[in-house]
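A.B. asks: Numbered per this note's numbering, the sequence shown spans residues 14 to 292.
FYI, nobody ran anything at the bench for these hints, they're computed from the structure. There could be a bad hint or two in this list.
No more than 30 Å apart at the CA atoms, straight line, and that leaves these computed lysine-lysine pairs for DSS-like [unchecked claim]:
no.	residue 1	residue 2
1	K190	K250
2	K111	K247
3	K140	K111
4	K154	K250
5	K111	K242
DEER-style ranges, computed between Cβ atoms [unchecked claim]:
no.	residue 1	residue 2	range
6	N158	I258	35 to 41 Å
7	K190	I262	47 to 53 Å
8	A62	P100	26 to 32 Å
9	V32	S153	30 to 36 Å
Here a beta-carbon is modelled for each residue, glycine too, at the ideal position from N, C-alpha and C.
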Amino acid sequence: MFEDFFTNIDISSFLFLGVACFFASFIDAIAGGGGLITVPAYLASGLPAHTALGTNKVSSSIGTIASTWKFAASGKINWKMVRTMVPFSLIGAFIGVKTVVLIDSKYLYPIAIILLLLVLVYSLMNKDLGEENNFLGLNSKNIRNGRIMAVIMGFYDGFFGPGTGSFLIFALIRIFKLDFTNASGNAKILNLTSNLASMFLFIYLGKVNFFYSIPIGIIMIFGAILGAKMAVTKGTKFIKPIFLIVTSIVLVKMILESMLGIDVGGLVKEFFLSITRSF
């Protein structure tokens, strides 16, 4: 078993992925955006693009299960609400994965950049956004809008991924009038749903490297639990600035990659390796 493990992985890439994905799961548990780090990290490790996406889905799902459990144990998930959206998130994710194996995900970059920019500007202009939990219950309007959002976000997560957590948090605040803490908790259920749906389909399509995904997923559990614990204990005042920072970084990264052709993941990996070589 151990011989197979060391034969099928590159140790330096594994160490890089371990550090990057631990940090990613910590950030993702608080404000989403973990895919900002994990997807380019897997691509920089040398895995083929579709295998990198599938491998990332397995490890990210493991980490998201841990953070979801922490939010659920703290009572930050409205199960009645998320049950109305989970099936639609599943449908969107399956369609997204089936599409991504046929079409290059780069075509989603311009749309994602525009949406992230709008989310960031709106959040900065509305200082009170998500400060208080003003959820008054489910009605036909917010259920309908929630289901539409779940299909779109499920598709986006299955097809592309980075920024999904940020989009979900923002959408839940706007549609259901939640605060950032409760929006983060409920977003985890939808994110986990689309992650699991995408994961099983990538496994079925044979686009997963288990020698990386399972060990990295275990590492991500620790980052996810730590991040969720901080989010629950420190609340909205802590989550909101992290949300704005993560959204800004995701936006800048996408612009650098799509418009300037800069391999951000590769640069970060080279920087990491240069540090490790010095020790």
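A.B. asks: Are the Cα positions of K190 and K250 separated by 30 Å at most?
C.D. replies: holds, 16 Å
A.B. asks: Quick one: are A62 and P100 within 26 to 32 Å, going by C-beta?
C.D. replies: holds, 29 Å
A.B. asks: Is the straight-line distance between the alpha-carbon of K111 and that of K247 30 Å or less?
C.D. replies: violated, 39 Å
A.B. asks: Between V32 and S153, does the beta-carbon spacing fit 30 to 36 Å?
C.D. replies: violated, 47 Å
A.B. asks: Below or equal to 30 Å on CA atoms is what counts here, so check K140 against K111.
C.D. replies: Status violated; Cα separation ~39 Å.
A.B. asks: Between K154 and K250, does the CA-CA distance stay at or below 30 Å?
C.D. replies: Holds, at about 29 Å.
A.B. asks: Indicate whether the distance between the beta carbons of N158 and I258 respects the range 35 to 41 Å.
C.D. replies: With a Cβ separation near 27 Å, N158 and I258 fall outside 35 to 41 Å, so the hint is violated.
A.B. asks: If you check the beta carbons of K190 and I262, does the distance land in 47 to 53 Å?
C.D. replies: violated, 27 Å
A.B. asks: Regarding the pair K111 and K242, is the alpha-carbon distance no greater than 30 Å?
C.D. replies: violated, 35 Å
The structure fails hints 2, 3, 5, 6, 7, 9 (numbered hints given earlier, in ascending order).
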